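J.: Listed here are the chains, written in short residue letters.
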Amino acid sequence: MAGAVQKDNKIVALYPMTKFYIAIAFAIVAVILPGIISKAICFAALNVLALASGIYKIFAKRVKNSVGVLFIVLVVIQTFFAAGDTILFSFWIFSAKLEGLLFALKLGFVLANIGGCLIWFFAITTEKDFVLALEKKGLSSKASYVVLSTLQMVPVLKKRSETIMNAQRARGVETEGSLLVRAKVFVPTIVPLVLSSIQGTEERALTLEARGFSVETKSTHLYDIEPKPVDKTVTIITGLIFILIVVGRIVLCLI
Amino acid sequence: MATRNKGKETFSLMVILLIPIAIAINIVGGQLTSLLKIPVDLDMIGVILVGTLAGPIPAAVTGVLTNLINGIMDPTWLPYAFCSFFIGISSGLLSKHNMMNTIWKQVISGIVIALVATVTATPITVFFFGGSTGGGSSMIAAGLMATGVQIIQAVFSVYIVTECIGKLISVFVANVIIRVLPERTLVKYRFGEKFIKTSNK
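From first to last, the protein sequence lines are chains A and B. Converting from the first sequence to our numbering requires adding 677 to each position, the first position being numbered 1. Converting from the second sequence to our numbering requires adding 60 to each position, the first position being numbered 1.
Isolated chain A (complex conformation):
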């Protein structure tokens, strides 16, 4: 799901937790910085970071589809329908208010920054690496199995739902037409999909038990990753910059 991840890029090659700390620190900084302009600068910096990681295309597409749409709707709703006194312009029954616009821009940039950080993180980290790193931090192996198995299952089930829909179409179920006709396809598609998946769980349970899934000893990994010395340096530098900005913000508040 993570798309193309090139390991030769220096930022991409970092240990998952290091990248995770950077993303979290970035998101917190974006929230605490005052004013719209500094938040916008933060978002610009995030774009530069994505560009440097070599995943700008995926990043831009996902940001546009998730936070972008939200941003536009947010600006429209808050500008026209929030309470405020300073009227910028008005037409027909609507009037745009400055307070609403400023609030929308501020909230919009906060959301864009938080969303962008997460999108950046998952675009440069495979879920497999991230879950493995979390497991080393103490996540139970059952939980990591659930996450990884879900990620594998989504594309499989999606493909199977298309097959089932084609099969139902072949026996005469209409999949195009009015809303009622289309809605009626939903049940004949989802029910066989769920049934066939649930039937498979018993075999899967046997397979897992045969490999000692429920054994309560520390498990070993066939695929493994380790943090490198550079990860420690990057984490410390990120931490220092983060503390500097937080302290600076508090000082600014007190003055």
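Keep in mind the hints are simulated off the structure, nothing from the lab. Note that the structure is a prediction, hence the values are computed from the model and not measured. Please note that a few of the clues may not be correct.
[Stated by the list, open to error] Only pairs whose alpha carbons sit at most 27 Å apart, straight line, appear in this in silico DSS-like list of lysine-lysine:
#, chain 1, residue 1, chain 2, residue 2
1, A, Lys905, A, Lys805
2, A, Lys861, B, Lys165
3, B, Lys165, A, Lys738
4, A, Lys909, A, Lys895
5, A, Lys738, A, Lys835
6, A, Lys805, A, Lys895
7, B, Lys97, A, Lys741
8, B, Lys97, A, Lys861
9, B, Lys156, A, Lys819
10, A, Lys819, A, Lys836
11, A, Lys836, B, Lys165
12, A, Lys805, A, Lys687
13, A, Lys909, A, Lys814
14, A, Lys734, A, Lys835
15, A, Lys819, A, Lys738
16, B, Lys97, A, Lys835
Dock chain B against the given chain A, drawing on the hints supplied.
T.: Below, chain B alone, put in the same frame as chain A:
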């Protein structure tokens, strides 16, 4: 260890294997509704299914994980994990108190779950996203706001309608699935036995 496979503990292996399927059904169900252009959100069928079969805690885990995994591609899903958590808990508790057996009880359960969803989702939409849901429903909300309704009331009234329709259908679909599950599968889940008696009638 002896009771491990009887399916009575909260997280038996059968439940652990059911959760990924339920999450995948939530995600595929959501994609299917947009593929078929059905204007209702049917992305909680898996959560209701797990709640009905395996109880509140596994359903809550399913709900939260659904939102986290959807959040990988679209981070706007993440705050609603709170909402999915309560949908899972409520559907599990409803099943525990035999509220999923007959069609009238299912209607009541659907409305209860819809109310839970509305009450938890409205504050998130209003405070995190300033009233914007990003979907087609926010256009209806904007239309309501244009007539002078407050943002929170507009979002609430849009949600209560869409959620009631969506959750009622989801409860029915989940029950259709349970009805056709073989008994040998049903007995492996905590509340599965409740559905065996009715299918033997």
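J.: Run every hint past the structure and note whether it holds.
T.: Comparing the hints with the structure gives:
Only pairs whose Cα atoms come within 27 Å are accepted, and Lys905/A paired with Lys805/A is accepted, the gap being roughly 18 Å. Of the pairs offered as hints, the one joining Lys861/A and Lys165/B holds, with about 23 Å between alpha carbons and a cut-off of 27 Å not exceeded. A hinted pair counts as satisfied when its Cα atoms are at most 27 Å apart, and Lys165/B with Lys738/A does not qualify at roughly 44 Å. Only pairs whose Cα atoms come within 27 Å are accepted, and Lys909/A paired with Lys895/A is accepted, the gap being roughly 26 Å.
Taking the CA atoms of Lys738/A and Lys835/A, the gap is about 22 Å. The hint holds against a cut of 27 Å. For the hint pairing Lys805/A with Lys895/A, the CA-to-CA distance comes to about 19 Å; that is within 27 Å, so the pair holds. A hinted pair counts as satisfied when its Cα atoms are at most 27 Å apart, and Lys97/B with Lys741/A qualifies at roughly 21 Å. The suggested pairing of Lys97/B with Lys861/A holds, with an alpha-carbon distance near 12 Å, which does not exceed 27 Å.
Taking the CA atoms of Lys156/B and Lys819/A, the gap is near 25 Å; set against the 27 Å cutoff, the hint holds. Simply put, Lys819/A and Lys836/A have alpha-carbon atoms about 26 Å apart, close enough for the 27 Å limit, and the pair holds. Note on Lys836/A and Lys165/B: the hinted pairing is violated, with a Cα-Cα distance of about 35 Å set against a maximum of 27 Å. Restraint check for Lys805/A and Lys687/A: the C-alpha separation of about 19 Å stays at or below 27 Å, so the hint holds.
Between the alpha carbons of Lys909/A and Lys814/A the distance comes to roughly 15 Å, so the proposed pair stays at or under 27 Å and holds. Restraint check for Lys734/A and Lys835/A: satisfied, since their Cα atoms lie roughly 24 Å apart, inside the 27 Å limit. Restraint check for Lys819/A and Lys738/A: the C-alpha separation of about 33 Å exceeds 27 Å, so the hint is violated. Distance hint between Lys97/B and Lys835/A is fulfilled; the C-alpha atoms sit about 16 Å from each other, no more than 27 Å.
In summary, the numbered hints that this structure violates are 3, 11, 15.
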